[in-house]
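K.L.:
Okay, here's what each chain looks like letter by letter:
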Amino acid sequence: MLDFLSRRFAAALVTLALATVVVFAVVEVLPGDPALVMLGTEARPDTLAALRAQYGFDQPLPVRYLHWIGGLLSFDLGNSHAYGTPVAKLIGDRLAVTLPLGALALSWAVLVAVPLGVLAAWKHGTAGDWGVMGFTQIGISVPNFWFGIVLVLLFAVTWQVFPSGGFPGWRQDPRGSVVALVLPALALSLSEIAILTRVTRSAMLDTLREDYVRTARAKGAPERVVLFRHALRNALIPVTTVAGLIAGFLIAGAVIIESVFRLPGVGQLVYDSINNRDLVVIKNVVVLFTILVLAVNLLVDVAYVLLDPRPRVAA
Amino acid sequence: MQSIPRRTFIGAAAAFAVFPAFGPEAWAQAKNRLVVGMSLEPPVLDPNKNAAAAIREITYQNIFESLARIDRTGAIVSGLAESWTISPDGLVYTFKLRPGVKFHDGEALDASVVKFAIDRLFAADSTVPAKSLYTDIASVEAVDPATVKITLKTPNSYLLYNIALCDAAIQHPKSAPTNDKHPVGTGAFQFKERKEGDSITLVKAPTFRDAGSIKLETVIFKVVKDPSAQVSALLAGDVDTFPGFQAPELVERLKKDARFAVVVGTTEGEVILATNNGKKPFNDLKVRQAMAHAINRAELIDAESGFGTPIGSHFAPHNKAYVDLTGTYPFDVAKGKALLAEAGYPNGFEASLKLPPVGYAQRAGEVLASQLGKIGIKVAITQLQWPQWLSEVFKERNYDLTIVAHTEANDIDRYARDGYYWNYDSPEFKAKWREVVAATDFAKRDELLKDCQRIIARDAVNGYLYQLAKIGVWKKELVGMWENSPTPATDLTGVSWK
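Each protein sequence line maps, in turn, to chains A and Y.
Each residue of the first sequence is one higher than the one before, starting from 1 at the first, in this note's numbering.
Each residue of the second sequence is one higher than the one before, starting from 1 at the first, in this note's numbering.
If you are wondering where the hints come from, they were derived from the structure by calculation, not from laboratory data.
Hints should not be assumed to be uniformly reliable.
Looking from chain Y toward chain A, a few residues come up when the C-beta cut is under 10 Å (computed) [stated by the list, open to error]: (1) Lys195; (2) Leu384; (3) Glu428.
We treat Cβ as the ideally placed atom computed from N, Cα and C, and that holds for glycine.
Make a model of the complete structure from these sequences and hints.
P.N.:
As structure tokens, then:
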């Protein structure tokens, strides 16, 4: 088992190293001059040149790449050019919004989708199954930003039970911060609920047809035990894979939801940094996203091992 | 929202609503607290470090003050200098400083501080974005603690205006290095805290010389970029005002709400179809005249939901030196076609239109493409991000056509510049502009400015479309907000709740 996981870990490190090269290359070819963005249309050529020298934009590319990697390895991410604040603090503050948002959306999705999927598989072909499938069809089709706007109109504008957006900050107002994440998490999770429900349903339909399930029923096990202990346990393997993939999508999908709900999250930071050509922030955030996705994949691997002993043996 | 039966929504919502209901937050609005919505977030908060208009919209007059001040009508009035005299040759400006002025950190204002602040605007190693406005200054001298003398190399009739801008904010040498993150000025409000990506909070400054006249205790600038989120923030009561509301198509919704006043005023933004005069076929006057005849301004303003005033030159209609030149090349498709044929393009030609990511340009882009299509110019639209637009269009001048608002006041001087992105080069205009700058008599200057407008209108340098409107939305109980936008500012010193 350790051998299996350590190979996975090594693969993740190689992926990460390659990702830094790709990220650097992509960020450097972005059209636009950061100094011009900062100083605007009235800037003089001499002031632009002075600013470029100040930020090291005039250095050769390999030097800038090594400088950046050196900083990453010593946990010194440098200062944002646009905001003037340390990149690490900037990203840390934003993660404090985006990670809880993603976690809330994901747990909401799992908690709703798995029982719904089991129900649909168990009641296969009945009105209940059709109802669940209809709901998932809507969930997949509705864009999450539109659903977000509808939620704001209902809960913030019409009934005024939730704020229309914004984020008070964990230190200043912990309760208000949780409240501020409820609607965005709901909006973010809708399509994920739909996808996970479908995956759970089809995985359950497969396992329910297995011989061992028939055996379990034949020996007189209660339906609850058959469903949740025998069938669901095996069905959870594809469900876990998809949930892991979804976690990555949640971080990416948060960009739009954060804009609808005015949440100062990582998605908004990336969006603003691209518009400001704040290259140092873009590079580091994208690498951080890469690390997050790799970490989630590793966690999924660990979950596999716990759920199913076969990878352990195969390794 | 009210027109749809509420039950439908409750039913739909109940399907999802398994979470506990939270009570309404304490929105109770104290009568000395104001939440101002902003469409764009300022990167830093120091106008000497970044050109973003959002910096000026937050700090001008509220945090930072300049020697002179641009008031709500656009007039230049006394600021940190209570009076000034100008020598007859227009070269020496002597400013008398206001007594008792203190910075938010307790430091006093005197002539040496002013000298420091103005010197760094034009110093050789200065990286101030607006440096070019101040390079006519030869020296700044602290005559005595309350008197500052500015000497120019050549007369500049715009010096006072430039000195009144937020770019010439008087900063103290002690706080200047950290003003980007923690601005310290002499204004009525002092910086309290910033949550990047969310809000900037100011509180009334106890050090302000006239603190008794300031009615607001706390001001929160909240960043709301998405137009529909701006509307919901207003409707939900999370924001009291958007002084510069960016989505004209959503204004009707707000007008219906009795809680809000929608006030339409003027800005200094001329929206133009900027044209590369240095590139074939746009270097041909006949082609540019043909394009001018193809432009239907009424239709363009319709696309802005009716907001905007037609212009025929590069000048704001509310300026007293304005002359109406919208009739120079009236909308006439047949005439446009004929001129294009005369220029040697009976079948038209293909052109690219590079659009920056701003609402007005997006809305006008499609309309203009179709208008130019009617005289045979096949326009292909390309969308650019701001940084791309700045590099590709503005700096490298690699474009045919673009749509942009020139938002600085008095910016007709751009037509006299060498190497500006329009590639317009007119000895006649340059000579006229030199006269404008050197004019010490303002009545004469206004006449010269009218000539300037006529020259560029006649040369059809760019397509002159309309003056952007300022759409202000605020709660009806709020008084003292600026109707017009003579300079980027949200001056809250005269704002209070009824």
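K.L.:
Can you list which hints this structure breaks, lowest number first?
P.N.:
3
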